[in-house]
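Number of protein chains: 2
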Amino acid sequence: MEITSVHNPRVKAWVKLKEKKHRDSTRKFLVAGEHLIQEALKADLLCELLVCKGSEPITEGVPVYEVTKEILRKLTSLTSSENQIGVCEMPQYQQHMWERIIVLDGVQDPGNLGTIIRNAIAFDYQALLLSNDCADIYNEKVIRATQGALFHLPILRCELMKSLVELKKAQVTIYATALRESVPMQSIRPEPKHALIFGNEGTGIKNEILQLCDYRIKIEMAAFESLNVAVASGICMYYFYQSQ
Amino acid sequence: MEITSVHNPRVKAWVKLKEKKHRDSTRKFLVAGEHLIQEALKADLLCELLVCKGSEPITEGVPVYEVTKEILRKLTSLTSSENQIGVCEMPQYQQHMWERIIVLDGVQDPGNLGTIIRNAIAFDYQALLLSNDCADIYNEKVIRATQGALFHLPILRCELMKSLVELKKAQVTIYATALRESVPMQSIRPEPKHALIFGNEGTGIKNEILQLCDYRIKIEMAAFESLNVAVASGICMYYFYQSQ
Chain U
8 MEITSVHNPR VKAWVKLKEK KHRDSTRKFL VAGEHLIQEA LKADLLCELL VCKGSEPITE
68 GVPVYEVTKE ILRKLTSLTS SENQIGVCEM PQYQQHMWER IIVLDGVQDP GNLGTIIRNA
128 IAFDYQALLL SNDCADIYNE KVIRATQGAL FHLPILRCEL MKSLVELKKA QVTIYATALR
188 ESVPMQSIRP EPKHALIFGN EGTGIKNEIL QLCDYRIKIE MAAFESLNVA VASGICMYYF
248 YQSQ
Chain V
8 MEITSVHNPR VKAWVKLKEK KHRDSTRKFL VAGEHLIQEA LKADLLCELL VCKGSEPITE
68 GVPVYEVTKE ILRKLTSLTS SENQIGVCEM PQYQQHMWER IIVLDGVQDP GNLGTIIRNA
128 IAFDYQALLL SNDCADIYNE KVIRATQGAL FHLPILRCEL MKSLVELKKA QVTIYATALR
188 ESVPMQSIRP EPKHALIFGN EGTGIKNEIL QLCDYRIKIE MAAFESLNVA VASGICMYYF
248 YQSQ
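Chains U and V supply the protein sequences, listed in that same order.
Taking the numbering used here, the leading residue of the first sequence gets 8, the next gets one more, and so forth.
Taking the numbering used here, the leading residue of the second sequence gets 8, the next gets one more, and so forth.
Just to be clear, a hint being listed does not mean it is correct.
One copy or two, it doesn't matter: identical chains are merged, so the pair holds either way.
[Unchecked claim] In silico lysine-lysine, DSSO-like type, Cα no more than 27 Å apart, as pairs:
1) K148 - K25
2) K81 - K148
3) K35 - K81
4) K27 - K225
5) K28 - K176
6) K28 - K225
7) K176 - K27
8) K76 - K23
9) K200 - K148
10) K60 - K175
11) K225 - K169
Honestly, the hints are just simulated from the structure, not real lab data.
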């Protein structure tokens, strides 16, 4: 099917997916570029494919719409030369008996969130729990920063306090990164069943969450310099991964 | 001195500092916000201060210009609510007998570059060498990402091949991160005098540079997933720092 007008009702519905509230109400989101579309397809989450005239659709297994460059441009905020866009369905996950979990409390930068998702996969974590005030994972910048990793990891937005209480009941040891009242990471022998919490870029982990943790750890450094949260998470995950 | 017109010649000269070529020819750059201006002042690199009417200049030790909000807005590209901007002088560094050095070959993302600068300071590196195709460190986004760390580390743009040959002559061991033909990082006992090289986000380290390295290392991972270069650099620097 060919669509040439930006006023077409389907186009209007797709454009709305650039906003979180419409993504949440329809449980749909957009991905741009062949690599991400392939990943969505493999994860069985691709619903529709929009293809610029002249470009070969990467699949015929979902409805394909031939659209103009102008329409594609309306659907991505970033400077992009992609000529295919996928409309995807959000996966649904339930909390599960995971044994290696990353927890984020208020991480707000989309780039950081995307990078942390990649770290979690690289270092064999099974799930990511996000507090309600984290950035939206279906934000275009997050999706780009994950480079498709998004489709390989269960990610749940949840009431952190409640989820952490459940993890503790299930004998999962909870480690938080904190600058104060914390022990050097090298002094820790990580438990196989664990959750690692990282906090907001400016303010760190909320106090009520810190209270629930079994250990507070800090990354040893030469200078009193705070690290970027995605970097700090990578260093901790690597240490925990190597110490198993 | 008060300036109210965006057509004032001084304003025009400051606006030009948003472009690399003008920064390079004048050896000046801009920083926004009190924290960065304080850091520039401490490093003795602040030349002029532009202050929004009603805001208290953080120093009187350099020429202060009272300007309008409109002028300040013209001088920053990012959404910014800063009401002071500093005009700074680029520091001049010469290659030196450093013993712990970070080398970047073609790192192009300003955010990554800024984050790597912070990592280098946190883990006690003495200098950063950049290939000519790296992002400009005086780019507004890089400066923001460094959060002032920029002023605490000698950073040199250079002919990498030549600089690496000099480092080797000075008995500095050169480690490169590479996915192929590399050994797991944990198998390495880092030499105290060393340089660590990280490459371009998409293509890694150039072949001719790799040839000069003493060791090629890779970060152990569970999944075949490439890490963000700033994260990878943080993990390596932490490992080297801990192994000293």
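Is it within, between, both or neither when you check K35 against K81 at 27 Å Cα-Cα?
-> within (17 Å within a copy, 38 Å between copies)
How do K28 and K225 come out at 27 Å by Cα distance, when the copy is not named: within, between, both, or neither?
-> neither (37 Å within a copy, 41 Å between copies)
Is it within a copy, between copies, both, or neither that the alpha carbon of K225 lies no farther than 27 Å from that of K169?
-> within (25 Å within a copy, 38 Å between copies)
27 Å Cα cut-off: does K76 pair with K23 within a copy, between copies, both or neither?
-> Classified as within: same-chain Cα gap 18 Å, cross-chain 33 Å, threshold 27 Å.
With 27 Å as the alpha-carbon cut-off, assign the pair K81 and K148 to within, between, both or neither.
-> both (16 Å within a copy, 26 Å between copies)
Is it within, between, both, or neither for K28 and K176, if the alpha carbons may be no more than 27 Å apart?
-> Classified as neither; 34 Å inside a copy, 60 Å across copies.
K148 and K25: within-copy, between-copy, both or neither at 27 Å Cα = This pair counts as both: shortest intra-copy Cα distance 11 Å, inter-copy 24 Å.
How do K60 and K175 come out at 27 Å by Cα distance, when the copy is not named: within, between, both, or neither?
-> Answer is neither: 54 Å inside a copy and 54 Å across each miss the 27 Å cutoff.
Within, between, both or neither, where K200 and K148 count as close if Cα-Cα is 27 Å or less | neither (31 Å within a copy, 39 Å between copies)
Is the C-alpha distance from K176 to K27 at most 27 Å within one copy, between copies, in both cases, or in neither?
-> Classified as neither; 33 Å inside a copy, 56 Å across copies.
Alpha-carbon proximity context of K27 and K225, limit 27 Å | Intra 34 Å, inter 38 Å, cutoff 27 Å: neither.
The structure shown violates the earlier hints numbered 4, 5, 6, 7, 9 and 10.
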